[in-house]
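Trainee: So the chains spell out like this:
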Amino acid sequence: MAVGGGMKLGRHITREWRVWWRQPGDWLASLLFFILPVALFGFANAVVPVSFQTGQSLILLVLVLALLLSLDRLFRQDWQSGILQQWRLRDELGAVIVAKLLVLIASLAIPLSVLGPVLVYAVMSEPLIWGVWLPLALVYAILALDAALLGIVTAALCLAARQPSIVLVLVFLPLCLPLLIFAMGAGLAAVEGTNFWPPLSVLVAWGMIGVVVVVPVTRYMLAELE
Amino acid sequence: MVHILANPKRFLQLSARIVPIALVLAVVLGAVGLYGGLVLAPKDYLQGEAMRIMYVHVPAAWMAMFIYAALGAASASYLIWKHPVADCLARGASPVGAAFTAVALVTGMIWGIPSWGVAWVWDARLTSVLVLLFLYMGHIVLLHSIQDSEQASKFAAILALLGLVNLPIIKWSVDWWNTLHQPASISSLERLRDPSIDGAMLWPLLVMGAAFMFWVMALLLLAARREIAHRRLRVQWLRGGRG
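Protein chains in written order, with my numbering: chain A, 92 to 317; chain B, 76 to 318.
The hints are simulated quantities; they were obtained by calculation from the structure and are not laboratory data. C-beta atoms are modelled at their ideal positions from N, C-alpha and C, and glycine is treated no differently. Treat the hints with care, as some may be off.
[As the list claims (entries may be wrong)] Derived list of chain A stretches under chain B, where covered just means 3 residues or more per stretch with a C-beta under 8 Å from a C-beta of chain B:
| no. | segment |
| --- | --- |
| 1 | 244-251 |
| 2 | 263-277 |
[Stated by the list, open to error] Listed next, with one range per pair, are the computed distances between beta-carbon atoms:
| no. | chain 1 | residue 1 | chain 2 | residue 2 | range |
| --- | --- | --- | --- | --- | --- |
| 3 | B | Pro258 | A | Thr105 | 47 to 57 Å |
| 4 | A | Asp182 | B | Asp223 | 20 to 30 Å |
| 5 | B | Ala275 | A | Ile201 | 56 to 66 Å |
Work out the full structure, taking the sequences as your base and the hints as a guide.
Mentor: Laid out in structure tokens, this is it:
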């Protein structure tokens, strides 16, 4: 049984990965959406400098927005073509959701969380201090993972909406704001050299709850769709 | 109790009795609370007369959070037991909650000008209440943007449950972060026995809180009754159309 489930999951991951690479416009748009505003922010920063603390907070916000861009397409093609319905009948929705989540994390959340702290230093023209960079990278990575988990649920939530892109923005961003508040708090503490673990552990707790809750909730919603 | 109210007929009978009583209590308590707050309570030694906006701002903020908790409870009840009345309550709760959140934000901004010198600061309390307003709006938009009514109710219920994480953030934001917004004066029953606010100012606030509670109760019940009536009309219309 477990071997069969693992094979199903492996098959779906391979499929998702192929689809993702065959449509480079989707993920490239998200990556460019992240890099471009950050580069423009760097330009603006050269004219009117802002503090390193403010800069890293703004870049956290752009990371969440870049992730948001990729969410609308997550289930849409499969739903419109009827494949999602077939997977539901074959009881494979759970494996599909896990596969989509893993591919989203590997292809977008991880690159964004690696790029984030690199770009922070590039844009703010600060000397690299590993003691600051490493905690910052951790904050970016955990925020990106939490946002990806939340993104999967909200993408399914807005699938049947009449104007899904707009509804997705209205639903995803308010839910993301608590995450951003704690991530910005942790980032600020990391930059100032104070204890960043309390806000970061809230983010980790959020992620752990997400890991348990996201798949059954998303599966329930996808099963409800006609 | 929840299961007894799940029957729409019984809910309509019971709410028809509760609504007028709740409205009368809201008006009477509101009049007493406003008289106590605007006339009898002394002015604040620092803020002067401007503090009197508290008698609208604080109960509105309490209700904004209470209505979201009620929305979450109704949503959970709908998802678990499929109670149609719970769905009607949830559908009615988000516009009422959005209105009270907007009142709390606007009165807070008006109060902020004389006491802080600015109408708005991006501190944790104000931002988390603004997020609450966006959550209510997201709930309303999601409900109306999905064509299948039952599907819309289920998805909006999930959104409402996800948004519950914001409530503890609002409640404890003034303790967790250094905010310009003052900490709660009566955050628990223990603090109620020894509040950081003078008794002459406190009792009108509590009376206004009770008045707002009855007002909200009446509004939520009326909104649910309206939704039930709307559904009955639709069923009648469909039956008539087929006949």
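Trainee: Compare the structure with each hint and give your call.
Mentor: Comparing the hints with the structure gives:
For the segment 244-251 of chain A, the assignment as covered by chain B holds, since 4 residues bring a beta-carbon within under 8 Å of that chain's beta-carbons and 3 suffice. Check result for the segment 263-277 of chain A against chain B: holds, 7 residues qualifying (beta carbon to beta carbon below 8 Å, three or more required). Between B/Pro258 and A/Thr105 the beta carbons are some 54 Å apart, a value that agrees with the proposed interval 47 to 57 Å. Between A/Asp182 and B/Asp223 the beta carbon distance is about 23 Å. The supplied range of 20 to 30 Å therefore holds.
Checked against the hint of 56 to 66 Å, the C-beta distance between B/Ala275 and A/Ile201 comes to roughly 59 Å, which is consistent with it.
Against the hints set out earlier in the document, no violation occurs for any number.
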